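Let the sequences and hints guide you as you build the complete structure.
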Amino acid sequence: MKQRLVIFIDSVHPILEERLTQAGFECALHYQTSFEDLKNILPLATGIVIRSRFTIHEDFLAYCPALEFIARAGSGLENIDAQLCKARNIKLYNSPEGNRNAVAEHALGMLLGLLNKLHKADKEVRAGIWDREANRGEELDGKTIGLIGYGNNGAAFAKKLRGFDVKVMAYDKYKTGFGDHFVQECTIEAIQEQADVLSFHIPQNRETKQFFNAAFLQKMKKPFYLLNLSRGKIVETNTLVLGLKSGQIKGAGLDVLEYEKKSFEAFFDQDMPADFLYLVQADNVSLSPHVGGWTTESYIKLSSVLADKILADESH
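Residues 17 to 332 (my numbering) are what the sequence shown spells out, left to right.
What the hints contain is simulated information worked out from the structure, not anything from laboratory work.
A hint or two may mislead.
[As the list claims (entries may be wrong)] Here are the in silico distance ranges between beta carbons for each label pair: (1) Leu293 x Lys191: 35 to 45 Å; (2) Ala78 x Leu128: 44 to 54 Å; (3) Lys55 x His197: 15 to 25 Å; (4) Ser331 x Asp299: 49 to 59 Å; (5) Arg152 x Arg104: 57 to 67 Å.
[Stated by the list, open to error] Here are the simulated DSS-like pairs of lysine-lysine, each with C-alpha atoms no more than 27 Å apart in a straight line: (6) Lys102 x Lys191; (7) Lys139 x Lys266; (8) Lys261 x Lys133; (9) Lys139 x Lys261; (10) Lys238 x Lys249; (11) Lys107 x Lys189; (12) Lys175 x Lys189; (13) Lys317 x Lys191; (14) Lys102 x Lys225; (15) Lys325 x Lys107; (16) Lys277 x Lys317; (17) Lys238 x Lys183; (18) Lys176 x Lys191; (19) Lys189 x Lys325; (20) Lys176 x Lys249; (21) Lys107 x Lys55; (22) Lys238 x Lys107; (23) Lys249 x Lys102.
All values derive from a computational prediction rather than experimental measurement.
Don't be surprised by glycine CBs; every beta carbon is placed ideally from N, CA and C.
Shown next, in the form of structure tokens:
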């Protein structure tokens, strides 16, 4: 039987390696190997496991004549040339099911923190300031939540909101018929008309880059809170800052930022613009380092889902 090699370019939970090995694959771990050195072994690869370290485009795939699949631990596939992979019959696997619950809980935590000014209040108490009136919060009950995107993460967030007396509206360009007792399927115009909270759950592609821009903001009829746990480039930071300064945006929860690099760890190895410095200093902005889907539990589930999908195809 021909040995089938899977190269792990990024680190993931070891359960994926264990299950692939049990199924007869040879797994090679190259978490730190440079692209120049990878060129020597990529021609042997049947599969590649990645997160975000490299962009898989034509120059990369030119070294992968035997490649049958690419497995991405996570949801987004923006770093992979999907059209070229399709033309070459390379299967793409991702695992949005693995971290959708984590993203939903993170979104809910950010929203409740913003409504109750927890970030500001915590900072002030630590500094010896006891200001109750200035930290008076708002209740989530009675508000209208507008979801842009109703895939794995959008639907999971809607599920978390079921325990609150809120109206949840969702718009998804590519999905219909998902409305039920808990979620009202609607147009984007309806969300712009009614939403008290605007939450983004869409992938990054040509259509969605800077989806939230000045034109979008102008169409929002009510002051609102903004959440982005999808991709940073979906929200135009300059527009966000202008909205925060004017008061039209009451607060923002951002797990992702427009300025992110391919390597998360290299985020601060760049000159930050004034808009970012404003976000860092704003009391009504909650920031986290793209960890919404990165929990102890999701770390395991992301790899388990990939193993399920790869091995299901192998059995056919």
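Okay, the hints, checked on the actual structure:
1. Checking the proposed 35 to 45 Å range against Leu293 and Lys191 shows it holds: the Cβ atoms sit about 38 Å from each other.
2. A hinted range of 44 to 54 Å for the beta carbons of Ala78 and Leu128 is consistent with their spacing of about 49 Å.
3. One distance hint, 15 to 25 Å for the beta-carbon pair Lys55 and His197, is violated here, with the actual separation near 55 Å.
4. The given range of 49 to 59 Å is respected by Ser331 and Asp299, whose C-beta atoms sit roughly 54 Å from each other.
5. Judged by the Cβ atoms, the range 57 to 67 Å given for Arg152 and Arg104 holds: they are separated by roughly 58 Å.
6. A distance of roughly 22 Å separates the Cα atoms of Lys102 and Lys191; the hinted pair therefore holds under the 27 Å criterion.
7. Between the alpha carbons of Lys139 and Lys266 the distance comes to roughly 19 Å, so the proposed pair stays at or under 27 Å and holds.
8. About 17 Å separates the Cα atoms of Lys261 and Lys133, which keeps this hinted pair within 27 Å; it holds.
9. Taking the CA atoms of Lys139 and Lys261, the gap is about 21 Å. The hint holds against a cut of 27 Å.
10. In summary, the hint linking Lys238 to Lys249 is supported, as the alpha carbons are separated by about 24 Å, within the 27 Å threshold.
11. For the proposed pair Lys107 and Lys189, the alpha carbon gap of about 25 Å is at most 27 Å, so the pair holds.
12. Restraint check for Lys175 and Lys189: the C-alpha separation of about 20 Å stays at or below 27 Å, so the hint holds.
13. Note on Lys317 and Lys191: the hinted pairing holds, with a Cα-Cα distance of about 25 Å set against a maximum of 27 Å.
14. Between Lys102 and Lys225 the alpha-carbon distance is near 23 Å, which keeps this suggested pair within the 27 Å criterion.
15. Distance hint between Lys325 and Lys107 is fulfilled; the C-alpha atoms sit about 11 Å from each other, no more than 27 Å.
16. With a CA separation close to 25 Å, the supplied pair Lys277 and Lys317 stays within the 27 Å bound.
17. This hinted pair checks out: Lys238 and Lys183 have alpha carbons roughly 15 Å apart, not beyond 27 Å.
18. For the hint pairing Lys176 with Lys191, the CA-to-CA distance comes to about 20 Å; that is within 27 Å, so the pair holds.
19. About 26 Å separates the Cα atoms of Lys189 and Lys325, which keeps this hinted pair within 27 Å; it holds.
20. Only pairs whose Cα atoms come within 27 Å are accepted, and Lys176 paired with Lys249 is accepted, the gap being roughly 25 Å.
21. About 21 Å separates the Cα atoms of Lys107 and Lys55, which keeps this hinted pair within 27 Å; it holds.
22. Simply put, Lys238 and Lys107 have alpha-carbon atoms about 44 Å apart, too far for the 27 Å limit, and the pair is violated.
23. Simply put, Lys249 and Lys102 have alpha-carbon atoms about 25 Å apart, close enough for the 27 Å limit, and the pair holds.
Going through the hint list in order, the structure does not satisfy hints 3, 22.
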